[in-house]
Amino acid sequence: MNFLAFLIVMAAMFTFKAGLFTKPVRVSLLTLSAVIAIVLMCHTMGFATAVVMAAALLMCCGIAVALIKTDR
Amino acid sequence: MKSLTIKKLFQLHSWVGIITGILLFIVAFTGALAVFSKPYLSIWAASSEQHVASHVPAAKVEQLINQYAEKVPQEFRENIHVYMPEGYGYTRLVLLYESHEGDVNYDKETAYVYEFNSQTLALVNQYYGLASEYYQNRQSDIGQFIAHFHADLHLGRPIGLILTGFLGLTLMVSVITGLYIHRDMFKQLFTFRRNKSIDIVAGDSHKLFGIWGSIFHFVIGFTGAFLGLATVILLPAAAYVSFNGDQEKLIETFTAMPEPVISEQHQPTRIADVINHTTQLDAKAELLDLTIMAFNDQNAVVYARMLGGENFAPQILEYKGDGTLAKSMSSFGDIPGPAIKVLEWVFPLHFGSFGGIFVKTIWALLGLTTALIPLSGVMMWLAKRSRGQNPSLSATSYQRWNRFVIGTCGGIVLACFALFPAQIVLNQLVIDATQNSFFGPIFFGGWLFWLVVCVFPVSYQRLLKANILLVALCLSSVIPLKAVLQPGYLAQLLNANYLIVSVVDIVCFILACLALYWFKKLSLPVTSDTSAYTVTQGGSL
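From first to last, the protein sequence lines stand for chains R and B.
Residues 1 to 72 (the working numbering) are what the first sequence spells out, left to right.
Residues 1001 to 1541 (the working numbering) are what the second sequence spells out, left to right.
Okay, chain B solo, but in the shape it has when bound (with noise of 0.2 Å):
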């Protein structure tokens, strides 16, 4: 290729880089840690003394099922949902009996909804109302807060969707730039400098994680940008093209659970029979919920969703009532077509959400290299525009985007640790959905406080070494809270249902335990070292 054409390529990785490296850190940092957001932290931020949630057998889904339907009126019986303790976003077993047309009190849909705790299968919360208003006020928790801020950094709809879908866009950009202007590959694949200046190390780490990452950082940014504008601006034109502007029409084209005709007739829906089912079609699948059509009528239908095991991509089981299985098919229904199968794949491929908590691992390790890469970027933009006889940047204002760069960056990553001891403290003192309102004050505020102190002319060094060990202080504090707050604590410890809830506790002590290290061994140099760094021909920013 031209050398021409190179640099060009150069400016346009460089410039991309630089106007999003920051927000692009900020979406990548949360992305990794959204990962494990459901269920992992949604199940350790639910557990208490008296929950965790747990297996539930099915023949008492069933027994509660039937139970509670005697205590809703008929018209709520036509549509039920069971969403399972152990699946996405929920960690009690929920029944919500919904009713489209709505009641004498409501004309859209309306729900019953009643929670039960997975261990004792009390009941703890019930709802009557419209369903639109229960599953927006449903308690949330860190888990969810997070991964909602990186899917649209809480700015709202459409804006908020619009801009992560763009900086998925601006990704790929980066990502295809930077390989063609990086022309020794496989030198740089293992070239890692690690006692040189940390120029040299950013600009070493920045290569190598582009490199090996570079397929994933690809599609993370493919799939990314799909999910961010695909509601906001591809459903619209989707559905301008094929079905003259109606949305409505083209979402129930897609949908894949049609209604049944209620026939009368009294066939008790065997429930139990196809969750059994389920697990004994694939044992490492995770059911997720169940929907329930015409509840004990001739022509019940139950559709089961699920994640993982065998399959790649989410899959949709339809049973008859008497516990049959019918069909298996994507959740986008019985459509065939590989623009189907893309579409299928687009959501495991960016959560990672296929194989279970290693995938989720490698998913997070690598979204960590997402994270860095900008980060990374950016350093040697500031540092190669800081040295020689003619610096643009002045030692001044070298400072001040350091400093600007950790107040924005390394406060993103307090803010979030910051939301772990506190979700301990908010368990003991604030009751359900309550909790919903103190995490943005929390993150948000946390986030702030630490752009304020960045603002004061201290050494962007110290800065960073004090930003480490407020992350290691929010850290190491998961374990000691909940020691003193939660009685009984040493003990679940050493609980097998409270393995999840234990191993999320460790990480976090191991987290602390790391950053402790790097702050032990971040120097405060007293000058800094402007030699070490060499600039490679189209090797660096």
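The shape of chain R in the complex, shown without the other chains (with noise of 0.2 Å):
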């Protein structure tokens, strides 16, 4: 389930690099994915940590996909 919620989070954060869609779409997505992925992560532990799993993991997989080479 964490793994998934990862999948989703960093597809998200692509379509922010990557320049796909407009601004609003981009925001709505993103914050669709952390709430996916609080959900996915609240299955296999506590709310409270569920949300601060999936703040952490949005801050790394932000970095991580702004270090990735992408070609607009």
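There is no bait here: all hints are sound.
Using 30 Å as the maximum straight-line C-alpha spacing, the simulated DSS-like pairs for lysine-lysine come out as follows: (1) K17/R to K1187/B; (2) K17/R to K1521/B; (3) K1002/B to K23/R; (4) K1465/B to K1520/B.
These stretches of chain R come out as covered by chain B in the derived footprint (C-beta under 8 Å, 3 or more residues): (5) 47-54; (6) 57-68.
Below, a sample of chain R positions facing chain B; criterion: calculated Cβ distance under 10 Å: (7) N2; (8) F3; (9) F16; (10) G19; (11) K23.
The hints are simulated quantities; they were obtained by calculation from the structure and are not laboratory data.
Built from N, CA and C at the ideal position, the CB exists for glycine as well.
Relying on the hints, combine the two individually framed chains into one complex.
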């Protein structure tokens, strides 16, 4: 579940980095991915843990995606 | 916001960063490693061909407690601590029988301690004497050494704690001012120009790590400041306000384990049932230790300290002697209120100890970005002052400053990784707690050696390459050293019991390969590229 959440957040980040869709859509996708990640993680851990973990995951994915080379 | 205010905040951000930057790197980098110190690095360090920390069946634990309770005087059975081998900081099963009033030989807390190999359950060490001396002189390892250095820089208490606590406060100031002065955040979130000059890469990574990880950096700064300053400033202040300065009374109020009244009625304490119930309650939570009070008495109470699983904060489960759960509470006791909730959250938020190895890895990676931000900030500050028609830093001063940064920051990285092969050699040559006296000279000696090397007028790019190569050599020597010094090591790599040990060894090898890759990739420029560096308003130091 954690890995699935990780993949979803990473995919949302890539739409951001690659400049796909319009800005509001990108922000919505990112927010949605964070919510889905929290829900997925809630299956394996408590709510508070899931929220903190999703936030940390979001930061980590953001840095990872920013560092990965992408052709615009 | 007015440009004047931004300019002032920018100056505050710059000066706070430049004054505390190097120290902040040292604390943050060691913190990123210290995340794994308990239990992973402890288990790695204590492993040998005869022993690796393993799960001990509940029935065996109960049997050993009963067996050794017969060997100690009656007063030592009133308070028994059981430290589990896969818990925090212990790699053996430890039974500690304690008398608060001491005995005929001591008038303070005295203990009989028995340490068992967690695989064979053979008695490997025993101790009788003051309990405080046992805890002080226990065998340490590189993980605990690095964690201790991260906490107080080995400067002792209170100076070291105040210093690291103060660094936490400056980190918070840097995060807040940094967010205010970066106005084009969305653009900078994904801007990383890898093929530009090193100054532009440093600038981009400074903003990228700073903005993405801002919440993490702030939380680490806040919790670090709290942990550093709590015992030396906040605890005496709280005691002064609420307990007329009596700190012991304050601690007693927050102690979750009041002692029961002994009834003198015999009733076997069902320790195995307690251990089994903790597993049933939350299979993912780790049982760290048990505290058994009034052992084998009708009024016996067993406290089980749990970490991880469903709960974010550490939890204490209180059991009756017959193995039934009485209640669960936080590690600060059964005290209601939002302040206790905040206190509970401080520890897991700082140590990343709430979601297993996955969270610890995330915490370590984000911790590395916390370390890289002050470093890139210092690099930007130096680069800015060495450019232009009237640079405030001459080329020689710029070289000297860069050598100093590599000597201190690169030196700490080298010193930390030099401890890994050192631990393997020490495990073969030095027995038990005698090892403790070797970590300091190796760590500080290695750091000092590299600082002295950086004093010589060598190009800082060459020093950086040499630094990376030395780190790669230290890390790549881990597996060959073990293969030579530990008989049957290659078989251990495939043994499920040695999974943590094998993973640490392989991670060392991967990090060594990465360091070698950077060593090869890092070119030595003939002249420094000054044209590529650009300064955006409020965007860099």
